[in-house]
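Each chain, letter by letter, is given below.
2 protein chains.
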Amino acid sequence: MTESEEERFALANDLRLACQRIARRVRFESTSQVAPHQFSVLAHLHHGGAQTPGQLAALDRVSAPSMTRTVNCLEADGLVARVPHPGDGRQVLVELTAAGLAIITRTIASRDTWMAAHLEGLDDDQLSLLRKAADLLLEVSNG
Amino acid sequence: MTESEEERFALANDLRLACQRIARRVRFESTSQVAPHQFSVLAHLHHGGAQTPGQLAALDRVSAPSMTRTVNCLEADGLVARVPHPGDGRQVLVELTAAGLAIITRTIASRDTWMAAHLEGLDDDQLSLLRKAADLLLEVSNG
DNA sequence: TATTGTTATACTCTATAACTATA
DNA sequence: TATAGTTATAGAGTATAACAATA
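Chains as they are written, first to last, in my numbering: chain A, 1 to 143; chain B, 1 to 143.
No wet-lab data here; the hints were simulated from the structure. Since this is a predicted model, take the numbers as computed values, not measurements. Glycine included, each C-beta is placed from N, C-alpha and C at the ideal position. One should not assume that every hint holds.
[Said to hold, decoys possible] Taking CB as the label site, the calculated pair distances span:
1) B:Ile108 - A:Lys132: 34 to 42 Å
2) A:Arg69 - B:Gly49: 19 to 27 Å
3) B:Asp123 - A:Asn142: 16 to 24 Å
4) B:Ile108 - A:Ser30: 25 to 33 Å
5) A:Arg69 - B:Asp123: 41 to 49 Å
6) B:Asp124 - A:Pro84: 49 to 57 Å
7) B:Gly78 - A:Gly87: 52 to 60 Å
8) B:Gln55 - A:Pro84: 27 to 35 Å
9) B:Arg90 - A:Gly49: 51 to 59 Å
Work the whole structure out from these sequences, hints included.
Set out below in structure tokens:
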């Protein structure tokens, strides 16, 4: 392994560790009204619009029956609604209700508030550094 | 809200999102032999050394009986061992075995490999930018 | 016949309450 | 009496297999 490869692995380790820690802290921060697996579905719908149970199950690496159950709970709580699929009678679309959207919005805000609070002590140079890093990391996480 | 505050919140949002995405991708990447909640215990022991079941339960925001069960499974699999607490007969110390350490090491390596692979396309300027950002984020995640 | 989604059943993880051992 | 840990019991989530409806 060359020196630059070692440096890249060290950077990979630190970046991964930092991201995992922040994700963990952020997750514990927002004591949302819904369970994590339920919130995950709301987040997917918020991000990608109405989707079928099958798509949602694939996104969360979960079985179809599990997703059926989760969607049932969310529907009973009025956070999502099932609507007929326009082109295929076998499929169903799950969409976010206003109440579901409100929970998503509130949770995201509380998580961002935590993150913003932890950026308070940084100076302008550090903030602009993180600004560029955030853009890079968003690209990396999409790749 | 001032303009700089808005920028800080926008940065907070992007950083949080990127960290969550990377943490998620990394988690799905390593199909470890042990379940996530079990791996979490191994990671805590790897990071902080031998600890009591009570400490481990607090770290994972989990009840004491749940941690008892998880430690039982890990002990049955030979990944951790219970040893008497030196100073207090009521307490027990959970420590990593060689087999447990091996799983941790292998999983960390596979996660870092994923992260490193996703840094491949970046040039030296971008890598040194992320190097500084990683240090900042590690500080932030400890705060 | 293939596919989407749902029900049936069993297993695992977690929590609260009760119990045991030590301080 | 207080604390650390473990058992007992019940509730919630998930998976595999079987079923219903549509393509």
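Against the structure, test the hints numbered earlier, and report the numbers of the ones violated in rising order.
Going through the list in order, the structure violates hints 1, 2, 8 and respects the others.
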